[in-house]
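Listed here are the chains, written in short residue letters.
There are 2 protein chains.
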Amino acid sequence: MKDRISAYDVARKASVSQSTVSRVLNNYPHIKESTKQKVLIAIEELGFTRDEIARSLASNKTRTIGLIVGDITNPFFAESAKVITGKAQERQYDVILCNTNHNEENLNKYIQTLKGKRVDGIIIASADKNNERIKELYNQNFPVILFNSILEHEKANYIAVNNYKGAKIAVEHLYQLNHRRIGYIAGPSKYLTTHLRNLGYEEVLKELGIERNDEYIYNKEFSYDEVYHFTKALLKKRDRPTSFFAASDQMALAVLDAAASENIKVPEQLSVIGFDDIDLARNQYIGLSTITQPKEKMATLALEKLISLIEDGEENDAGFQIILEPDLIQRKTTGFLVEKST
Amino acid sequence: MKDRISAYDVARKASVSQSTVSRVLNNYPHIKESTKQKVLIAIEELGFTRDEIARSLASNKTRTIGLIVGDITNPFFAESAKVITGKAQERQYDVILCNTNHNEENLNKYIQTLKGKRVDGIIIASADKNNERIKELYNQNFPVILFNSILEHEKANYIAVNNYKGAKIAVEHLYQLNHRRIGYIAGPSKYLTTHLRNLGYEEVLKELGIERNDEYIYNKEFSYDEVYHFTKALLKKRDRPTSFFAASDQMALAVLDAAASENIKVPEQLSVIGFDDIDLARNQYIGLSTITQPKEKMATLALEKLISLIEDGEENDAGFQIILEPDLIQRKTTGFLVEKST
DNA sequence: CTGTTAGCGCTTTCAT
DNA sequence: ATGAAAGCGCTAACAG
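For the protein sequence lines, the chains are A and B, in the order given. The numbering used here runs 627 ahead of the 1-based position in the first sequence. The numbering used here runs 627 ahead of the 1-based position in the second sequence.
The hints are simulated quantities; they were obtained by calculation from the structure and are not laboratory data. It should be emphasised that the depicted structure is a prediction, and the values quoted were computed from it without experimental measurement. Careful: at least some of the hints might be erroneous.
Pairs involving identical chains hold if they fit within one copy or between any two copies, as the list cannot separate such chains.
Unchecked claim - Listed next, the in silico EDC-like pairs over lysine to aspartate or glutamate satisfying Cα-Cα at most 16 Å (straight line): (1) K756 <-> D866; (2) K762 <-> E779; (3) K688 <-> D678; (4) K859 <-> E966; (5) K959 <-> D852; (6) K714 <-> E759; (7) K859 <-> E889; (8) K665 <-> E853; (9) K742 <-> D678; (10) K959 <-> D939; (11) K714 <-> D852; (12) K959 <-> E889; (13) K847 <-> E830; (14) K659 <-> E671; (15) K959 <-> E660.
Based on the sequences and whatever the hints tell you, model everything.
So this is what it looks like as structure tokens:
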């Protein structure tokens, strides 16, 4: 690795001071055109690029943000990450990707190291509902936005969908299709968003007068394999559910996987509805019915809001809480249940 | 944002010098146990965390690497990113995610900003085959590893699968299933890996004595929508292909999508095979036949090699080129073609 | 074993 | 309009 070329080298070559070099680099208004050109030429000839680390140290800004997700392999997060990194690039920010595997300890570690690296702000897409580190960030007025996550705090900033309502819509849809035995792949209760989906499920059952059957409910961690095995076992039973609501499309795919492994036809013998509306759900070979979240909009908002928090220092004494509306999208995996005469 | 607590504050509180604080932070060997304790206590009481930016500036290391992918939304990249970030975290590195949307200009910009941010190394998963910026990196002995990408250069480091062979295996598989009209969703030729898949396709047709039909070949950019429309139009024709080989599973999904939209049954009326073996391919509801790449191994290797390049400065005068073997995995989307008497 | 001191390469007053 | 100089918060010789 050859020696770096510093702004001093440029300065010497252009016969100006290093601070002048800095000024042209930063587009300061009052520079004589001729000296500006001298500097520009010297920069060009030396192939100089400025050291952002030194710049960060001096300016106390890094133009880097952190993005913490539970699982980048879940298309919902990948699709969100894509728009976030895209918008970030437009605004000249870079993003450090942190994948927690839905593990709170990892989340905490990542928050720690991101702060150490002095990122300008953090978007957290998988925030445990009472996480103390996140509350600390809010208390310190550190720019943080929860994305598809909620955490109750006086200064909390979050963007999410009405998860409670989304879950209700999903289950009502199944009910209208004549389903009464409705299985549920719950999301982890440690996230407030999935917890709300869980409450929505329970509430709507009550409203519809269906008794909850705990055997139909998976409520452990988000794990594809575990959901697969749970569902497979459940589907072998005589009184198996005729339908499933899964708290994420990813988990709905695991249900479909299990159903296929048991040669159960969807939707004739089993209806499945997910949550998120990942791009794949729209694929007509799959055609997953789901509850849609306006993820592009959410992701864009999250990034824009974060940047205004960072750059305008926007007094967010109250914080902001944005809740968008979910929608039902019926595709091929849910259908009317024809009662067996059996 | 309250004022940062610096190592000086800790030093004062512990009545030692700042460099001693630095020493305990860095686990220097010869420190008296008692002063070490004093320092540790002071750190604890003040809630001090060191400033990694300052540290980076002084030490000329950032413990950050860049990961450049064409599209994080493609499960192959997301799955790779997951293992890379995971392993990186174990080794105390963070990763800046760069999503190029398969655009070389973006790639170049990202290389530029990553160097500006002084990352310790870069993994490039979508490297255009003659990219000059990448060659520059090699010439400067900057730690770079191409992942699932190849670029000819005397010092090149890359890890990829035998793409040529993979493509041949795929087409041969189709041939053995009695297919003669074999459509091909080519990857962009600008990537050497996909280019090699393209060559493999051509070569095997030649070997099998099948004449190439350019109408059957899609060879524009990797775009889900375009592939979808191309395939849909092609499938409407009388002499449509009876099978497709797609240069990525993501594109194979687009083919399946189009087939479903035309009510064409897979595999009875159309066989489809992809490349990559994304997790979803294994889902039995989908059951995508594909060519597998040992992606976990590849990703792990990429990260480990990169770190040894960074830390051991490992003299890689020759660079290293690792080519792994692909394998055929037949699932549900490919089947024997029964000739119509029509 | 520990303190002193000089950077790392910028930004940013403060002068002029 | 531009230069000088003081940091930013660390690491890393160099002394002792």
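Structure-based check of each hint:
Taking the shortest Cα distances, K756 and D866 never come within 16 Å of each other, neither inside one copy (35 Å) nor across copies (57 Å). Within a single copy, K762 and E779 get their C-alpha atoms as close as 9 Å, which meets the 16 Å cut-off; across copies the closest is 50 Å, which misses it. When the C-alpha separation of K688 and D678 is checked against a cutoff of 16 Å, the pair qualifies both within a copy, at 13 Å, and between copies, at 12 Å. Taking CA atoms no more than 16 Å apart as the test, K859 paired with E966 passes in neither setting, with 22 Å inside one copy and 37 Å between copies.
Within a single copy, K959 and D852 get their C-alpha atoms no closer than 24 Å, and across copies no closer than 20 Å, so neither meets the 16 Å cut-off. Proximity of K714 and E759 under a CA criterion of 16 Å is satisfied in neither setting, with 29 Å inside one chain copy and 26 Å between copies. In this homomeric assembly, K859 and E889 come within 16 Å of each other (Cα to Cα) only inside a single copy, at 7 Å, whereas the closest approach across copies is 31 Å. Taking the closest pair of Cα atoms, K665 and E853 never come within 16 Å of each other, the shortest separation being 65 Å inside a single copy and 48 Å across copies.
Taking the closest pair of Cα atoms, K742 and D678 come within 16 Å of each other only across two copies (9 Å); inside a single copy the shortest separation is 20 Å, beyond that limit. For the identical chains of this complex, K959 and D939 are neighbours neither inside a copy (46 Å) nor across copies (55 Å), given an alpha-carbon limit of 16 Å. In the homo-oligomer, the alpha carbons of K714 and D852 never lie at most 16 Å apart, since the shortest distance is 34 Å inside one protomer and 21 Å across protomers. In the homo-oligomer, the alpha carbons of K959 and E889 lie at most 16 Å apart only across protomers (15 Å), although the nearest pairing inside one protomer, at 19 Å, exceeds that limit.
For a Cα distance limit of 16 Å, the shortest separation of K847 from E830 qualifies neither inside one copy, at 20 Å, nor across copies, at 50 Å. Proximity of K659 and E671 under a CA criterion of 16 Å is satisfied in neither setting, with 18 Å inside one chain copy and 51 Å between copies. Neither within a single protomer nor between protomers do K959 and E660 lie at most 16 Å apart by alpha-carbon distance, with minima of 65 Å and 68 Å respectively.
Consistency with the previously given hints fails for numbers 1, 4, 5, 6, 8, 10, 11, 13, 14, 15, ordered from lowest to highest.
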